[in-house]
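Novice: Residue strings, one per chain:
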Amino acid sequence: MAKFAGKNEKETPALNMGSMSDIIFMLLFFFMVITTMRESSLYVKITVPKGTEVSKLEKKSLVSYINVGFPMQEMQAQYGTDARIQLNDQISDVSDIIQFVELEKAQRPEEDRPFLTMAIKSDKDVKMGLISDIKQELRTAGALKIFYNAAKDGARK
Amino acid sequence: MAKRKTPGLNTSSMSDISFLLLAFFLMVSSINSDMGIARKLPPPLPPTQEKPPEIHQRNIFVVKINSKDRLLFDGEIGRVEDLRERAKTFLSNPDNLPNLPEKEVVDIPLLGKTEVSKGVISLRNDRGTSWDMYFQVQNELAGAINELKDEMSLAKFSKKYADLKDAQRDAIDRAIPVAISEAEPTKVGGQNNG
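Order-wise, the sequence lines are chains A and B.
With the working numbering applied, the first sequence covers 13 to 169.
With the working numbering applied, the second sequence covers -19 to 174.
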């Protein structure tokens, strides 16, 4: 009967936590690798349109973003409620685009410059007048590769 | 000298630290996969531009979007959902109809002599057209071209376009060019901005 006598006094063995940190570190490295830090905060609100034929944007380092949208609530006092363009960190006008393209080109190595892609990330309620102006400026600036940002529409086929 | 055992380091706080780091990266990371449609703009026109080459009427498929986001193609008001089929028929002209685009026989490596459509989709929008509507139209046109490319790659290489090798893909790209021409927008919708 001695076999069963001690049963009630037995404690649950402590879990070995030694490998816990290994697991967490693995997760940590995973997130560190896939993370891209947000470079600039957006001043405009953008809801991109949805499409079925969208593909992934290749070569992130060769992409510059042109954000078009309506200023956020707290920015409306300064920039109004009409659709505006945001280049890098500031609200800009259409006429600033040529300079922006030049700047973006200058930042990249010589051999990569022809492959610079301008991604137009625009809110779906923005009118085409503004976008056409942007496209016209891009043509003048010689940035002919463009990309229309959109979201994948999973529901439709 | 007495042999002393080094005391074990207390590593229980290690996981706390790494948890903290993990939480930080979880918060700041955004797995942003940018999706969209890639297009090419036409190069700027030289100032001394003679008249653009005449395009035969049967080779143009006119798509117009007005300031109220209504769509017009082939001379009649239509729905976005029907645009893809119509664009496909126009670009492929399967029955060689006389009112649909002509074809030109081009010698393409890997494919041999191939009929390439001379059809051009002319897209015209208004300054008042919404970006969403414009994008949907671009999406449908891209869809039409993608489906044609898929059909051709299945017929020639018995693989989908996405699974082809680079050289094969180039060949298909030459056989089915992205022939979308955009005209200057009209100005009914007036204002610059939304």
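These are computed hints drawn from the structure, not numbers from a lab.
Just so it is clear, CB atoms sit at the ideal spot from N, CA and C, and this is done for glycine as well.
One thing to keep in mind: the hints can contain errors.
If you only want the chain A side, here are some residues facing chain B, beta carbon under 8 Å, derived [said to hold, decoys possible]:
no., residue
1, Lys117
2, Arg120
3, Arg125
4, Ile158
5, Lys164
Under the rule of at most 30 Å between Cα atoms (straight-line distance), these lysine-lysine pairs were calculated in the DSSO-like manner [unchecked claim]:
no., chain 1, residue 1, chain 2, residue 2
6, A, Lys164, A, Lys22
7, B, Lys129, A, Lys133
8, A, Lys72, A, Lys57
9, B, Lys(-17), A, Lys164
10, B, Lys83, A, Lys133
11, A, Lys68, B, Lys140
12, A, Lys133, B, Lys167
13, A, Lys117, A, Lys22
14, A, Lys68, B, Lys167
15, B, Lys167, A, Lys157
Novice: Each hint: holds or not?
Specialist: Results for each hint:
no., hint, in the structure
1, Lys117, "16 Å, violated"
2, Arg120, "18 Å, violated"
3, Arg125, "16 Å, violated"
4, Ile158, "5 Å, holds"
5, Lys164, "5 Å, holds"
6, Lys164(A) with Lys22(A), "57 Å, violated"
7, Lys129(B) with Lys133(A), "27 Å, holds"
8, Lys72(A) with Lys57(A), "22 Å, holds"
9, Lys(-17)(B) with Lys164(A), "66 Å, violated"
10, Lys83(B) with Lys133(A), "36 Å, violated"
11, Lys68(A) with Lys140(B), "17 Å, holds"
12, Lys133(A) with Lys167(B), "23 Å, holds"
13, Lys117(A) with Lys22(A), "71 Å, violated"
14, Lys68(A) with Lys167(B), "33 Å, violated"
15, Lys167(B) with Lys157(A), "26 Å, holds"
In summary, the numbered hints that this structure violates are 1, 2, 3, 6, 9, 10, 13, 14.
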